[in-house]
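Please model the entire structure based on the sequences and the hints provided.
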Amino acid sequence: MSEPGTPAGLSDAAKRAIELVARSLNEETGATAVMLSGPHALGVDRPDDKLYFVAITDDPDGVIEHRFAEEYAGIRRPMEIGIFPRTFVEKLVREGYWDMVSLRAAEVLRIATPLIDPTGYGKSSAEGMARHLPEKRFISGKIHGIKATFDDAVSLYERGDYAGAVLVSREALRLAVELVLKQARAGEGDADRALKEALGDEGYASLLEGLGLAGATEEDMKLNLQRLTDLGGKLLKDLGISDDLVSK
Amino acid sequence: MEIKRQTFLDQALKTAEREASRSEPLFALLTGSAAWGTLSARSDIDIIFVTDRPGVVSYRYYLPELTGLPIRTEVGRIPLAYLEKVLASGYADEVSTGIREQVRNARTIGGARERAEKVIAAFQALKPKKKLLGEYLYVAREALAGARKSLSAGSMVDAVLQLDTASKNLWRLLLVAKHSVGVQKDKHEIKAARTSLGEEGTREYLISRRVGDVDQESALRSLQASGRVISAVLAKAGVNPAILGAVGEE
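Heads up: the protein sequence lines correspond to chains A and B, in order. Take 1 as the starting number for the first sequence in my numbering and just add one per residue. Take 1 as the starting number for the second sequence in my numbering and just add one per residue.
Just so you know, the hints here were simulated from the structure itself, not pulled from any lab data. As the structure is a prediction and not an experimental result, all values here were calculated from the model. Don't take every hint at face value.
As the list claims (entries may be wrong) - DSS-like mimics (lysine-lysine), calculated; alpha carbons at most 25 Å apart, straight line:
hint, chain 1, residue 1, chain 2, residue 2
1, A, K136, B, K85
2, B, K149, A, K182
3, A, K50, A, K222
4, A, K234, B, K236
5, A, K142, B, K185
6, A, K222, B, K149
7, A, K196, B, K236
8, A, K237, B, K127
9, A, K50, B, K185
10, A, K237, B, K236
11, A, K182, B, K236
12, B, K14, B, K85
13, A, K234, B, K191
14, B, K127, A, K182
15, B, K129, B, K85
16, A, K142, A, K182
17, A, K142, B, K178
18, A, K196, B, K149
19, B, K127, B, K191
20, A, K237, B, K129
Here's what the structure looks like:
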């Protein structure tokens, strides 16, 4: 069994910062385990990436805490810290995720690597998540964006704002399409083919319907482009900005 | 399903009391749909404790599955110094943008009421940064160029997504420049357009955003189609689509 510690491939400065934060977090929360998550747990060390930590505690209330810090333990760097009670971790390992908060936590836990873990509980919890999320990755932030935007669309619909609902659901679709294209590594001009392959005929037809494109022709699109270019020119003129900026 | 506002308020006050026993805030705010909006089966309770202690921004989640509370509740703890920093320097990242929207739409539910009202008013008066203008213009121009390219390549979906991005950014540019209204989230854009652009302008806005006249039935069809696509995308990403929830349920 490997000992707790920072993953290989990280710079000495990152390792030192991670160890300091882990120690302070352990002292502050009296955690059963403190783990590193996010890109650094996967051995990716980019200077602009946030640091992500998980502390598992014995808090009996079952309340999950999520912190956003610009500085912690004297380390000045953006970080996010999840403080998960054992009851939550146990339910996640036993049953898997059930909503967006638990999905994000499950993903964070799945890739987490123990920093302070005297009982091995942190390591076994991370291993337990493999049943529910086979792949190690860090994409639930994007999924959260899609889900939150779609929820906004449904709320607008429920309030009777039908135009707003359609507009916002199209934005959710745009975010979903971005995720598909990223996963398919589709190149420029390749988007429609990649989407057809990823979604199948029925899914692609639903995409066209959701985007308000069902039955639209290339001519309609060209007209749309021209209208928007004209509108852009008009709006810019209104603001005293050269309309060349959109027409060329 | 009828959702009772009083049920939300009762739970919000109880949770705020419980959180205050951990550490008393300067004042407590209720935000989101539980504060002012229309409640739905998807609504939850969002509370913010503004504290006088320097430190980090944190959120505590009371999930029904773990805490026994009937409604999902989120309690944010935000240092007053952080809010003052956001007010002084504008907002830049995801966290401060979210907080700005929460505070400007909040109502006070405890603590120093006068101070709370002053903070809410300051956030409501916060003007968007003018540097947004260049960003909107740049994105709109790139998107229009991208749409032209996609159309030449016969990529209709890509073209329409680029066109939508262009029109969104052009209208946001206009809203900021002419009406000093900054829009961060899509759900606020249409409201800002209706409030600022007048009848004729709103009509032009809706047409160029490709929504025009939408009735309940066509909106539901559009939402259901979007829901099917998003479910398929989630499943493909190895995520259980059930987290999306159903659309159009009573």
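- Can you name, in rising order, the numbers of the hints this structure does not satisfy? Hints 1, 3, 4, 10, 12, 14 and 17 contradicted; others consistent.
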